[in-house]
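Each chain, letter by letter, is given below.
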Amino acid sequence: MWPAEPKSTDYCRAAHRLGVPGRLEGVARKSETMAAKPRIIVVGGGLGGLWATLRIAEQGVPVDLFSLFPVKRSHSCCAQGGINAVLDVKGQDDSIWQHIVDTIKGGDYLADQPPIKNLCEEAPGLIRTYDRMGVTFSRTPEGIMDQRLFGGVKNKRTAFAGATTGQQLLYTVDEQVRYHESLGTVTKYEGWDFLSLVLDDNGVARGVTAMELSSSKVQAFKADAVIIATGGLALTYGRSTMSSNSTGAPAARVYQQGAKCANNEFIQFHPTGMPGHDKNRLMSEACRGEGGRIWVPRKKGDNRDPRDIPEEERFYFLEEWYPAYGNTVPRDVASRAICRAVRHMGLGLNGQDVVYLDLTHQPREFLERRLGGILEMYRTFAGEDPCERPMKIFPATHYSMGGIWVDFEKDSQTGAMARISPRNHATSVPGLYACGECDFAYHGANRLGANSLLSASFSGRVAGDSAVAYIKNLSRTGNGTPDSAYQSEQKRQEEINSGIMTCDGGENAFTLHHQLGDLMRECVFVERDNEGLDKALQGIKQLKERSRKISLDHKSNWGNQSLSWARQIQDMIVLAEVIAKGARLRDECRGSHYKAEFELKVPEGKFEGDPEYEKYKAKWKANNDKWLKHTIATHTENGPEISYKEVDISVLPPTKPRDYR
Amino acid sequence: MAEKFIHFKIKRQDGPNAYAYWEEFKMPYSPAHNVVSCLMYLREHPVNINGDRVEPVVWDSNCMEEVCGACSMIINGTPRQACSALIDELEQPITLEPMTKFPLIRDLMVDRSRMFEALMKIKAWIPVDGSWDIHRHAPLISPNEQSVRYIFSRCMTCGCCMEACPQFHPDSKFIGPAPIGQAKLHNSHPTGKFFKEDRLHVLMDEGGITDCGNAQNCIKVCPKDIPLTDAIGEIGRQTTMQWLRDMFVK
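So the protein lines, in turn, are chains A and B. Mapping to this note's numbering: the first sequence position 125 is 152, numbers consecutive. Mapping to this note's numbering: the second sequence position 91 is 92, numbers consecutive.
Bound conformation, chain A alone (with noise of 0.2 angstroms):
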């Protein structure tokens, strides 16, 4: 609980409200500015935010909860697989140290490691409670959870609720946060859209802006500390495995007002998604977990029903190039994989970008029990039965490892993070914090399958506890901003959005929308070369001089869906400048960015010892030396300006590459 009110007359000033808690209208009264509590603004409903917002309010301390739509419809909801957590109950010894191995290697080491220590050492106190909160998660015969195999491990330690896992775990948070909200800890703001940040003069976050969407209304709210939990960004390359409204865009605000990004250049490509027109919806890595086999026919253009092909005239190329691990290598493995059998081998399904993702030789009645929501979607939006037809699927943008930059603390007697400190999941503008797929951590330069439901359940807690550490030092001092300062800035917010709806540039937002995915997809997808990655610049220039000349159809202010809109594809083209530039600058491969020209190849059929591997594995290192940084994105007038930093190792040095062979 809150220990005692706060009494600086300068805090209470900064805490007035009228009306509905939080919001800022006119100049305080001095009878409204006593006993004002100190609050904590959070943006996103999906898990993360949803985590966030729960660990606050059981303190005791208010929050704002800020979402486009009712939380509930967040994307986390489209998570399917499952979440990791060792609980050893599939008699392989697995250990946390396992998965905190794993998890690095996953992520080619590019990932600061303490932390990830307290993820993987925490996963199963979370799993335990998501089981008292009511999580559907599917059992064994004797009623304890069940667990399944994911990509790049080799133990089952994935906790599952059919294939619907994230829907699920984001229904129960949800619930909890209703909860809070009936006893007014919580108040909600469903469709609004956080515009920008309220710094004070020492550049101190001291609240936010908003737009309400059905009328435009811009407005100032007031709070000691925001935390930003709006999730992935791949909506920069248009067609994605993501929600329509996973722009990225909140995070491209905060990183022009001074938050610095990290590691954007590595953006996950699934390997199993359904190339659609509007989306690439995803076939979870479950299926491969399952027993599900990825294959094309040996012989360029064999056009014959996938059923006719005898065993032997089929290319089961991940087993066959990965027999340790097989089909459920790691992501980033597999979606190159791929690229390689089509694109270089011309083995594509009728030349086309499509492989088959095959689980007809598994019974129906365990694909229904093991997968049944996602067989359900294939169903409906391909029109054939996976469990009679190989389903066919081709990588598509999926996850941002990278985002905005958060700190940690280190505990020095465990060299984990520190439990609780106002350090962790701090950005680089105090007073505002990042958790969930919008921040950096955790995975590196790739993350393995059903670590997100995991990273953005762990990372909300920790955002949520290290923000209420936060204002609890704050309160000594008190918050002394001027209303002048949340005015100026709403006012700010008001003139660009007149700027945009009085512009009559000829621009179509959404055209601009579809033209900036088509040229990520082109230049910056799963292979890389820096041609087209100077390509890629060139046209972002371009296309963000013209997103300053965009015409709406939409000209009154109610339910005006295009000035969003309009918004958001300006933030997504800064983003799509940033991951760009970082890949361009970064010459080498390393987990999802991949460069043919700095690869290093691994000598074929040659393992430790062997004078050939450990001529690669000196390369490697010294390669290491080089590029084991973080890229770090400073926003400047002239675009991203980049630098590196050290990333902490101090877990588990590499000291030999990443090998699923």
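Be careful, since some hints might not be right.
Pairs of lysine-lysine residues, derived as DSBU-like cross-links and limited to a Cα-Cα distance of at most 30 angstroms, are as follows [unchecked claim]: (1) A/K646 - A/K633; (2) B/K221 - A/K582; (3) A/K582 - B/K12; (4) A/K181 - A/K633; (5) A/K244 - B/K102; (6) A/K518 - A/K576; (7) A/K582 - B/K10; (8) A/K582 - B/K102; (9) A/K644 - A/K683; (10) A/K576 - B/K27; (11) A/K644 - A/K633; (12) B/K122 - A/K64; (13) B/K5 - B/K102; (14) A/K672 - A/K644; (15) B/K10 - B/K27; (16) A/K656 - A/K633; (17) A/K622 - A/K648; (18) B/K12 - A/K244; (19) A/K183 - A/K633.
Hint data in this document are derived by calculation from the structure and do not stem from the laboratory.
Dock chain B against chain A, hints included.
Relative to chain A, chain B alone:
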């Protein structure tokens, strides 16, 4: 070959107090379109059948894979998710209307807050002392119990069942089928049942279970095939037992 089109007839309304009107749109056909992908095309090319450039149609959508519940609307007379309404399976012209049981915002977009308020009313959560680890799991749950609970916990709060229910409308107090399904879900959990009485008392009150007219429309339109009528039956039995307990045990 003549060029193929997709033909829409959309019920539009510029705001809650404006008049409603129909507007038609034709767009080029291509395979594998769904209603959301078409609306996306139309917002980029907002030209109606008369060739007039108009304000783009306003609608709600997010996940586009039928798990978030955002894009409910009435398509050719049936409330359903627009993202999974495939054009190739729909008769043309395709009519799109907003759901009628919720306050309208604009065009096809409505405000479903009443559903979320109902979830609060029936305490649709499992009581826990806190979100910290207590080093214990929940009580064991058999795979059969889990699979029944899972079916109900996939409710997306999309509102299709509420739209189809003749008893649920702006002037009625009926809580509607979806929250009753959630009451069943939470009453069936080993610790969730600690609030069972509270939930039942809400559903025994005005606007509760007795307002159900047994039209059974809810189950026909649920995009997730949730057996809502089973839940209504089950909660009906539970409230009867509760009524008896209230009479004799107190």
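Going down the list of hints, with the structure as the test:
Restraint check: the Cα-Cα separation between A/K646 and A/K633 comes to about 15 angstroms, which is no more than 30 angstroms; the hinted pair holds. Among the hinted pairs, B/K221 with A/K582 is inconsistent with the structure: their alpha-carbon atoms are about 40 angstroms apart, more than 30 angstroms. The suggested pairing of A/K582 with B/K12 holds, with an alpha-carbon distance near 19 angstroms, which does not exceed 30 angstroms. A threshold of 30 angstroms between alpha carbons decides the hint, and for A/K181 with A/K633 the separation of about 22 angstroms falls inside it, so the pair holds.
With a C-alpha separation of about 26 angstroms, the suggested pairing of A/K244 with B/K102 holds against the 30 angstroms cut-off. For a cut-off of 30 angstroms, the pair hint linking A/K518 to A/K576 stands: about 21 angstroms separates their Cα positions. For the given pair, A/K582 sits about 22 angstroms from B/K10 by alpha-carbon distance, which is consistent with the 30 angstroms threshold. Using a Cα cut-off of 30 angstroms, the hinted pair A/K582 and B/K102 holds, with the two alpha carbons roughly 28 angstroms apart.
For the hint pairing A/K644 with A/K683, the CA-to-CA distance comes to about 7 angstroms; that is within 30 angstroms, so the pair holds. About 28 angstroms separates the Cα atoms of A/K576 and B/K27, which keeps this hinted pair within 30 angstroms; it holds. The straight-line distance between the Cα atoms of A/K644 and A/K633 is roughly 11 angstroms, inside the 30 angstroms bound, and the hint therefore holds. For the suggested pair B/K122 and A/K64, the alpha carbons sit about 27 angstroms apart, so the restraint of at most 30 angstroms is met.
At most 30 angstroms may separate the alpha-carbon atoms for a hinted pair to count; B/K5 and B/K102 exceed this at roughly 35 angstroms. A threshold of 30 angstroms between alpha carbons decides the hint, and for A/K672 with A/K644 the separation of about 23 angstroms falls inside it, so the pair holds. At most 30 angstroms may separate the alpha-carbon atoms for a hinted pair to count; B/K10 and B/K27 meet this at roughly 9 angstroms. For the proposed pair A/K656 and A/K633, the alpha carbon gap of about 28 angstroms is at most 30 angstroms, so the pair holds.
Proximity of A/K622 to A/K648 is assessed by CA-CA distance (about 18 angstroms); at most 30 angstroms being required, the pair is judged to hold. A distance of roughly 26 angstroms separates the Cα atoms of B/K12 and A/K244; the hinted pair therefore holds under the 30 angstroms criterion. The hinted pair formed by A/K183 and A/K633 meets the criterion: a straight-line CA distance of about 29 angstroms does not exceed 30 angstroms.
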